[in-house]
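A.B. asks: Residue-level listing of the chains:
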Amino acid sequence: MTDCDRRTFLTQAGGAVAALSFLPEFATAAPQPTDGPLPVALVGVGRQGRSILGELQKMQESAAVVAICDSDDRRLRSGARRAAGAEAFADHRAMLEKRKDIQAIFIATPTHAHRQVAVDALQAGRHVYCEAPIAATIEDCRAIASAARSAPGLCQPGLQGRSDPIYKLAWSFFRSDAIRDLISMRGQYHRKTTWRTPTSDPARDKLLNWRLDPEVSIGLAGEFGTHQFDVFHWYTDRYPTTIVGAGDIRLHDDGRTVADTVDCNLTFTGGAHLQYNATLANSFEGRHEVLCGSNGAIKLAWTHGWMFKEADAPTQGWEVYANRQQFHNDEGITLIADATKLAAQGKLKEGVGLPNDPLYYSITDFFNSIVKNEPVVCSIEEGMRATAVGILANRAIVTGEAVTIDDSILKGS
Amino acid sequence: MHAMGTRFEIAAEGNDERQLRAACEAALAEIEEWDARLTLFKPSSFLSYINTHAAAQPVQLDDDLFELIAESIAVHRASQGAFDITLAPVMRAWGFHKSHDSREPTIHSRGCISADAPDHTPPCTPADLPFGMSDLELDEAQRTIRFKREGMALDLGGIAKGHALDLAASILRESGVRSALLHGGTSTVIGINAISTRAGADHWPVQLGFDQPGITVKLRDAALSVSAPHGRTIHMDGAELGHIIDPRSGAPARGTRLAAVVAPSARLADAWSTALLVLGRRPPDIPDSFTTLIARDTDEGVDRRIEGAEPRLFLLTARRAIIEEEEPYDRL
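Sequence lines, in order, name chains A and B.
Take 1 as the starting number for the first sequence in our numbering and just add one per residue.
Take 1 as the starting number for the second sequence in our numbering and just add one per residue.
Everything labelled a hint here was simulated from the structure, so no lab data went into it.
One should not assume that every hint holds.
What the hints assert, rightly or not - Partner residues are not named here, just some residues of chain A that face chain B (Cβ under 10 Å, in silico):
1. SER51
2. GLY54
3. GLU87
4. ASP91
5. PRO165
6. LYS168
7. SER172
8. THR194
For each residue, glycine too, the CB sits at the ideal point set by N, CA and C.
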């Protein structure tokens with residue numbers, strides 16, 4: 001960590017600690033289980049919030065959205081149209097105070113606003129699903145993690161890879177040495193978009209376009225990289241020690257200063273490197289992660305996954321019957337979740353992707369942890385680590401300086 | 001952008017390219033979202049959830065979807081049953097829901113249908129299939145939907161495209177876009193205002209391409225939808241049958257070559273153009289302000305009938321358009 005980073009984080013931490021002193025007196029108690037659907041609330045009804053509402057709508061037996069909250073009146077009104085019967089609040093504290101029946105809170109506010117909502121909700125004894133990255137500064141990450149550790153409720157960061165059935169399947173192959181020694185890693189997020197939320201009201205522009213505001217934005221590496229860095233952490237049990245990076249505006253030269261294209265190199269413990277590239281100027285090959293080993297490679301693309309074997313790698317029995325796809329000179333073995341079950345139903349060839357959005361599985365896991373006491377699929381510690389790496393990768397890109405990551409950052413101390 | 005089995009495009013006019021791009025992206029994202037919600041062909045859609053659960057218990061809807069279904073019921077009634085959103089089992093039985101390479105009608109001649117269920121249900125008549133708007137129960141107070149019969153399934157294909165375009169247009173307007181033309185599959189179009197740089201152009205001229213000389217529709221804050229039996233078709237007993245089902249018979253509608261409706265919203269234009277293709281005439285309960293065109297094949301040729309009135313909208317034959325020295329945009 002550079003001195004500059006430490007100073008910035010400490011300064012930002014000061015403001016955040018001051019904010020904590022205004023916390024209302026919430027009763028801290030474990031959420032009481034209820035019969036019927038779990039009463040839940042959503043804070044932040046932007047596009048991601050609406051995606052969460054969309055998935056919850058298909059889980060009506062498990063959960064009922066009883067409240068929604070957004071400080072932007074227009075978003076709140078349009079969000080209310082997607083959550084029939086939900087009470088609308090402009091302030092999350094008023095919501096926590098009034099709706100004691102809420103068991104779980106989904107947080108989908110702008111990243112830099114997560115901390116206040118998460119800490120308040122956890123201290124109010126509610127279960128929390130916090131979108132990732134969990135915060136925009138390391139101090140905020142620590143505050144959320146600290147609140148989660150002492151809270152009676154659960155806290156699951158929204159790192160969807162860990163709930164994705166294809167990623168879990170590929171993880172089991174990776175952990176059983178299917179590609180043998182790890183050689184290299186790469187990840188990319190390619191999408192052609194302005195990343196700008198349109199508004200005819202200049203007063204709302206700063207509020208809505210926080211991703212393009214260098215004061216609070218953690219850039220492409222923070223917003224998208226965090227999700228992907230976590231996949232590598234989870235698979236390898238390794239974390240980066242140094243990050244170098246660069247960013248530029250390659251297409252959207254519209255007055256913004258937040259880079260629309262970034263590249264970085266993360267050196268992991270044990271010497272392996274991760275090359276990461278994200279751009280808003282091109283959509284080729286979308287979003288994926290690749291782990292290369294001495295016996296093969298695994299490519300993960302959220303709703304799809306493949307394994308590529310080296311010619312000298314041993315063949316497993318199941319591979320003989322597996323579906324395959326040709327990628328130029330390489331043949332990928334399609335990784336299909338529940339392949340045996342699908343084969344028994346004669347449905348194996350109908351589709352090779354996930355039937356649901358990865359978000360669906362992440363929310364399902366959250367409910368299973370609450371209702372069935374299953375372990376939280378992604379701990380707040382891992383959420384904090386992935387977010388910290390995203391923040392520091394952005395720092396390396398913005399400053400152009402190598403960032404060293406010491407243990408204290410990843411341990412949250 | 002590809003969604004709902006077709007291509008969506010937006011042309012927007014304005015001086016601030018930065019805002020225009022962002023607005024168009026947000027509008028297209030809205031269409032994508034509705035595609036994901038309303039597709040019949042993905043188990044992850046909310047429509048699939050409704051179709052799987054609504055016979056067993058009421059399913060909670062959001063306001064947007066509730067209003068869409070309520071409006072569908074209103075058009076069903078006003079069109080004397082010619083518009084129906086419960087035809088999924090019938091469409092499936094006729095083979096319109098299968099992929100192109102395996103599209104085989106499971107209907108037998110003489111009007112008997114065999115439902116193409118995996119268990120090879122024996123042949124049945126359309127009346128035996130679980131469809132019908134009267135078996136749809138919409139609870140306004142609770143905002144829920146319920147099917148009164150097992151096996152029912154909604155197919156919103158006759159209105160979803162227009163609905164998505166309406167919401168996309170509303171995002172464009174909220175974002176400050178004052179002039180735009182957006183369409184889905186060139187069959188449903190919305191014209192938002194028009195501040196074209198072309199002198200005197202205060203509307204978006206859209207040419208209907210089914211006939212020569214063509215008909216030009218001038219849109220200004222209005223929507224146009226065109227329905228025709230061609231596109232998705234099946235062949236049976238030597239005849240080509242179009243994909244629009246007459247809900248009153250359960251069989252593909254015949255006799256009308258094309259129906260077009262200009263209406264204040266795209267979803268109403270969409271639903272009514274489907275209904276008019278089935279009816280082959282303008283029913284008394286369609287709002288007076290909607291302009292309609294129905295083209296029917298007769299022994300003497302094509303009979304084109306333009307009816308209705310809407311001061312802001314004009315339906316002109318090409319000849320009259322030429323007199324006005326109007327040239328249609330070639331954007332569609």
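A.B. asks: Could you run down the list of hints and mark each one as holding or not?
C.D. replies: The hints, checked one at a time:
1. SER51: 8 Å, holds
2. GLY54: The hint holds - GLY54(A) has a Cβ within 10 Å of chain B, the shortest such distance being about 7 Å.
3. GLU87: 14 Å, violated
4. ASP91: This interface hint is violated because 23 Å lies over the 10 Å limit.
5. PRO165: 13 Å, violated
6. LYS168: 18 Å, violated
7. SER172: 24 Å, violated
8. THR194: 5 Å, holds
Checked against the numbered hints above, the structure breaks hints 3, 4, 5, 6, 7 and satisfies the rest.
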